[in-house]
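Asks: Using the sequences plus the hints, can you model the full thing?
These protein sequence lines are chains A and B, in that order. Under this note's numbering, the first residue of the first sequence carries the number 18, and numbering increases by one thereafter. Under this note's numbering, the first residue of the second sequence carries the number 608, and numbering increases by one thereafter.
Think of the hints as simulated: they come from the structure by calculation, not from any bench. Do not rely on the hints blindly, as some may be mistaken.
One-sided and incomplete, this derived list gives chain A residues near chain B with beta-carbon spacing under 8 angstroms [unchecked claim]:
1) I23
2) D27
3) G44
4) P51
5) Q52
6) T54
Below, a list of computed lysine to aspartate or glutamate pairs in the DMTMM-like style, where the Cα atoms sit at most 25 angstroms apart [unchecked claim]:
7) A/K21 <-> B/D638
8) B/K616 <-> A/D70
9) B/K650 <-> A/E38
10) A/K21 <-> A/E32
11) B/K660 <-> A/D60
12) B/K660 <-> A/D70
Virtual Cβ for every residue (Gly too), placed ideally from N, Cα, C.
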Amino acid sequence: MPTKTIATLDQELNEIIQAVEQATNYGMAHRQEPQVTERTLADCEELLRHVMDASVLED
Amino acid sequence: MFTDKIEAKDFAKMDPEYQDLLTRVLTIQADCEIGGPHLYVDKLLPGAPDATKRLVVARTAAEEVDHFRKVMDVAAGIGLDLTDLLRHSNQQRYVDAFRGEIATWEDYAVFGFLIDRIGRYQMEEFEGGSYAPLDAICPGILSEELGHIENGRQFTAELANGTEDDRRRVQAAVDRWYAKGLDMFGHSGSRRAEQYIEWGLKHRTHEEARAEYIAEVNPLIEELGLQVPDPNANRKFF
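Replies: Structure follows, in structure tokens:
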């Protein structure tokens, strides 16, 4: 499996982290709206999945 | 004791013992940072008790991934590639506490309360240390670890103030993680710990850090109305 450069991986991890942080901020601000929160959590799961299954390393 | 400040450009000129110790400590730190989310994301991101707590799990995981990224970048500065740690299974983790899975809310709560606190102790070791790029990332990581610890304390307190079954389950989690936590400080009398101190990479021996942790955390456990476990029970290292 080809491995990205560390600089590229750093950038992509940072984008994932920022996206999850923005999503959780949005989710917290709308936590009285279950449909919004569920969508936000689904986004977070999908984003974090790229790190948890190491697919972020793939080109 | 070594008091110089070392930058990445100086690394190749350093004593091989310093190079080995720094390589080791960065590898273990990065492994622990990414090991945390691998313990709990699978089960607790979908399975925490309510949506707000699920958001906390997601946010905490993202922050731990960010800590991994920062340590990975420091390691890259000395030519050390830690990216493969992302592929490691939980069973491949360096530290025993990260080799299992967190599947219950009480374990997640107590992990934050007790084990993230040890993460704070570990980062404090590097603060003001001889390797400047590692020292530089400490404040940001420590600030977020304090948030994780407080979340863990609050969630543990909720369970301790809950039903009889809640209290029984959270006490059992405290019993599990307290022993793992004390082991995380490593063997007392460790020669390697002395080398870290001699080279200015850490400040405390294993036994000093463990004693400080016990003095800090035991009253906090008691404040929640929980019992402090026997410090000798279920231990692997002393």
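Asks: Check each numbered hint from earlier against the structure, then list the numbers of those it violates in ascending order.
Replies: 5 and 8
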